[in-house]
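**Student:** Sequence:
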Amino acid sequence: MIRSILYATDLGLYAPYVLQHALAMARSFKASLHVVHVVEPMGLFAESVLQTYVDEARLKELRSTGLETVMSNIELRVLEGFRDELGDNHDDVELIGSVSVLRGDPPISILEHAQKLAVDLLVVGSHSHGAALEVPMGRTAARLLQLCDVPVYLVPMLQHRSRHD
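Here full-length UniProt numbering is used: the first residue of the sequence shown is 1, the next is one more, and so on.
Simulated from the structure, these hints should not be mistaken for laboratory data.
Idealized CB from N, CA, C, for every residue including glycine.
Please note that the accuracy of each hint is not assured.
[Stated by the list, open to error] Simulated crosslink set (EDC-like; lysine to aspartate or glutamate; CA at most 20 Å straight-line): (1) Lys116 - Asp105; (2) Lys60 - Glu40; (3) Lys30 - Asp120; (4) Lys30 - Asp91; (5) Lys116 - Asp149; (6) Lys30 - Glu94; (7) Lys116 - Glu75.
[Stated by the list, open to error] DEER-style ranges, computed between Cβ atoms: (8) Glu68 - Lys116: 14 to 20 Å; (9) Thr69 - Pro136: 34 to 40 Å; (10) Gln51 - Asp120: 41 to 47 Å; (11) Val54 - Leu11: 23 to 29 Å; (12) Tyr53 - Ile74: 18 to 24 Å; (13) Arg3 - Glu61: 41 to 47 Å; (14) Tyr153 - Glu56: 44 to 50 Å; (15) Glu80 - Ala142: 29 to 35 Å; (16) Ile74 - Gln115: 21 to 27 Å; (17) Asp55 - Gly81: 32 to 38 Å; (18) Gln146 - Arg58: 38 to 44 Å; (19) Val70 - Glu112: 19 to 25 Å; (20) Leu102 - Glu61: 18 to 24 Å; (21) Val93 - Leu154: 23 to 29 Å.
When you get a sec, could you build the whole thing from the sequences and use the hints?
**Tutor:** Right under this line is the structure:
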């Protein structure tokens, strides 16, 4: 029985398409839908650029409070984006039980969140918005399929269908 679904999104070009699949699954199973987006940690280059232009005290402040503010703003924008995408269909918005924005390695963070929520199904897109057509599956999707202990509903991206038409 599927009572709880986690939709992992990269917020890319095809996210609304994958969201429609997640919502359809939630509707058909009468399940709650949770949404997660993972932000990768800042790379060494970005860190060094910040150190060049921001003093140590401000950098420390940004790391402690600024990041939390940014993450909560992303959560709000994700939920607002879903409301805009779904328009007047308030029933679909009501299916979304939670929206979380996490920091970390996407596949690991998604798996940990799925375990924390004890979901019964994970919904993901096969590729990120920037993936090349020759790549059969994105890194995050591949890792989730390898490591997930609940069923994974993998949504193929539209860009790959048009190649054969």
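**Student:** Mind listing which of the numbered hints don't hold for this structure, in increasing order?
**Tutor:** Per hint list: zero violations.
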